[in-house]
Amino acid sequence: MDIPYTVKPRPDTGLYNAKIGMWLFLASEVMLFGGLFSAYIFLRVGAPAGTWPHGWLNVTLGTINTVILALSAITTLLAWVALKLNQFPRYKVFHALTILLALTFLGIKSYEYRDKFLHFEVQLKDGRIADGHMVENKRDADHIVLHGHYVENRAELMDGHTKGKEHTELKIPRADIKRMQNYGPAHNNFLGIYFCLTILHALHILGGVLVIAYIWGPGSKMWFTDPERYTNRVEVSGLFWHFVDLVWIFLFPVLYLT
Amino acid sequence: MSLKAFHLIFVTVLSSLWFGCGIWKLRDYSATHGSGTLGFGIGALALGVATLVYGRYFLKKLKKFSYL
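Keeping their order, the protein sequence lines are chains A and B. Using our numbering, the first residue of the first sequence is number 1375, and each one after it goes up by one. Using our numbering, the first residue of the second sequence is number -6, and each one after it goes up by one.
Hints are supplied without guarantee of correctness; some may be wrong.
Only some residues are given here: those of chain A computed to face chain B with a beta carbon under 8 Å [to be verified]:
| hint | residue |
| --- | --- |
| 1 | GLY1424 |
| 2 | THR1425 |
| 3 | LEU1451 |
| 4 | GLU1495 |
| 5 | GLY1506 |
| 6 | MET1508 |
| 7 | GLU1609 |
| 8 | GLY1612 |
| 9 | LEU1613 |
| 10 | ILE1623 |
Source of the hints: derived by calculation from the structure; they are not laboratory data. Using N, Cα and C, we set each Cβ at its ideal position, and we do this for glycine too.
My request is simple: use the sequences and hints to build the entire structure.
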């Protein structure tokens, strides 16, 4: 027995099964990301003056990633168009490009995360704060080495746009350290919501890549047996991909540019 | 809604992002005079124009495709 409406649209909805399923799924995704965006707004509005960081993220990398995702949306559309026009080899090229662009996005994001986990704020017993990237942190050594600078209080670290003091190698004895913490999710509310939103987004990218890679690779046999249904699969994966790209278009200005 | 319609929404939002960023950074430049701000502003406006040009091309090319 064949499942009805896997290829042809249902007369009442005007959509085939997979498309209506994807739109229902995307509706739930809007609620998920909408809730987290609301959390961001409440955290930011509720933050005491001067405690919400600005300019902590690399705008150049964020912009490059925005362009990469925009290009991947174009390639996924062109892949679908190629199938509609019965051009299977062209489809293969465009969908392969989508996968490559997505992996590049994830690579850049991983580099950004690594940079944050290597960035430390070290509170000293004399009240000063050393801020910079960890160069040396051997467990048995009596000191650590940071590439950074000293500030008198945390407020000086909040505005990343202003050019601070020149960064130098700082050798800090462990005995002088009161507290040391990297710029991970536990550092403050901004980094907490930044990691939460961007990791969730990155997981969606990863999920999308896995599905697209399956459709592009082993799943592409369907093109030779049921081309219309295969084209629908590519369209539905494209809908998900466009949604993930749209989420990033909102994340980029909110997190990187403000 | 088909992928074509969703792509049109995507292109509209993307061009709004670039134009918004461009205008914002150029206004910022008048206060800060930072070369990075000016570069970002001009770059964002250029990307906005490129997105609009692509949008026109895409609409022409996919004239026969349904929005549903």
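Checked hints:
1. GLY1424: Violated. Min distance 19 Å.
2. THR1425: violated, 23 Å
3. LEU1451: Interface hint status for LEU1451/A: holds (5 Å vs cutoff 8 Å).
4. GLU1495: violated, 25 Å
5. GLY1506: violated, 21 Å
6. MET1508: Violated, because the Cβ-Cβ distance from MET1508/A to chain B comes to roughly 27 Å (cut-off 8 Å).
7. GLU1609: With Cβ-Cβ at 5 Å, under 8 Å, it holds.
8. GLY1612: holds, 5 Å
9. LEU1613: holds, 6 Å
10. ILE1623: Since the shortest Cβ distance to chain B is 5 Å, the answer is holds.
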